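*Asks:* Take a look at the letters that make up each chain.
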Amino acid sequence: DAGVTQSPTHLIKTRGQHVTLRCSPISGHKSVSWYQQVLGQGPQFIFQYYEKEERGRGNFPDRFSARQFPNYSSELNVNALLLGDSALYLCASSLLLAGGWYEQYFGPGTRLTVT
Amino acid sequence: GQQVMQIPQYQHVQEGEDFTTYCNSSTTLSNIQWYKQRPGGHPVFLIQLVKSGEVKKQKRLTFQFGEAKKNSSLHITATQTTDVGTYFCAARWYNNNDMRFGAGTRLTVKP
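For the record, the sequence lines run as chains A and B.
Going by this note's numbering, 65 is the number at position 65 of the first sequence; the sequence numbering is gapless.
Going by this note's numbering, 111 is the number at position 111 of the second sequence; the sequence numbering is gapless.
Each hint should be verified, as a subset may be incorrect.
[Unchecked claim] Computed cross-link-like contacts, SDA-like style, restricted to lysine to any residue with a CA-CA straight-line distance of at most 25 Å:
(1) 30/A to 13/A
(2) 36/B to 28/A
(3) 110/B to 71/B
(4) 70/B to 93/B
(5) 36/B to 9/A
(6) 59/B to 13/A
(7) 36/B to 52/A
(8) 52/A to 59/B
(9) 59/B to 22/B
(10) 70/B to 28/A
(11) 30/A to 110/B
(12) 57/B to 71/B
(13) 51/B to 102/A
(14) 70/B to 98/B
(15) 51/B to 52/A
(16) 36/B to 98/B
(17) 57/B to 46/B
(18) 13/A to 103/A
(19) 30/A to 97/B
(20) 57/B to 103/B
(21) 36/B to 59/A
(22) 56/B to 61/A
(23) 51/B to 96/A
(24) 52/A to 88/A
(25) 56/B to 96/A
(26) 110/B to 39/A
(27) 70/B to 45/B
(28) 36/B to 111/A
Since the hints were made in silico from the structure, they are not lab data.
These numbers were taken from a predicted model, which means no experiment stands behind them.
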């Protein structure tokens, strides 16, 4: 089975631009989460989606938005890019079981550079 | 806001020595997960702890969850060069769906 896939692998954008990152979860996984990882730090939770509904939101500005499609793939959108948005954006899929999260499988990430 | 503190930030050991990383929360956790991230890679799930006082072992790795569910540790016995990477704990609390990662402990192993 294929793992979590993300596209693009790398992306360079200019301040003020908009970016869309894409994620396809492992087949059968209905939950997708997005994380931002700045070099040298731990991943920071941005969003969690389950069955196309937002189930969790981290402490990120409204410039960040996401959605999940009927096939459980997901998009992360970031508007009005700032230099500080430069980071590795990770997508993770998981089997969401009653009572809490189960193990998350991370994709390879999208490296976003804002100049 | 809720956060989990992880120490130490770095640990350099000689191959064969033991290694331990700790995570602490000021409030009770719902559960905690541990991940390993190799340089240039993405986090890979190791384990999830849910019950108070839980101890789980995976070969040379031992994971513990404190009785009060406020702290956790990962212990590696007799480190090998393949253990190199950054180990993260990821915590979840009862009142929200956020998962907060610790800052990580970067382990280097000298052969």
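*Asks:* It remains to establish, for every hint, whether it holds in the given structure.
*Replies:* Hints and how they fare:
no., hint, result
1, 30/A to 13/A, "violated, 30 Å"
2, 36/B to 28/A, "holds, 24 Å"
3, 110/B to 71/B, "violated, 29 Å"
4, 70/B to 93/B, "holds, 10 Å"
5, 36/B to 9/A, "holds, 21 Å"
6, 59/B to 13/A, "violated, 44 Å"
7, 36/B to 52/A, "violated, 29 Å"
8, 52/A to 59/B, "violated, 38 Å"
9, 59/B to 22/B, "holds, 19 Å"
10, 70/B to 28/A, "violated, 33 Å"
11, 30/A to 110/B, "violated, 41 Å"
12, 57/B to 71/B, "holds, 17 Å"
13, 51/B to 102/A, "holds, 14 Å"
14, 70/B to 98/B, "holds, 16 Å"
15, 51/B to 52/A, "violated, 30 Å"
16, 36/B to 98/B, "holds, 20 Å"
17, 57/B to 46/B, "holds, 10 Å"
18, 13/A to 103/A, "violated, 32 Å"
19, 30/A to 97/B, "holds, 15 Å"
20, 57/B to 103/B, "holds, 23 Å"
21, 36/B to 59/A, "holds, 24 Å"
22, 56/B to 61/A, "violated, 38 Å"
23, 51/B to 96/A, "holds, 18 Å"
24, 52/A to 88/A, "holds, 24 Å"
25, 56/B to 96/A, "holds, 21 Å"
26, 110/B to 39/A, "holds, 23 Å"
27, 70/B to 45/B, "holds, 20 Å"
28, 36/B to 111/A, "holds, 19 Å"
In terms of the numbered hints stated before, the structure departs from hints 1, 3, 6, 7, 8, 10, 11, 15, 18 and 22, listed from lowest to highest.
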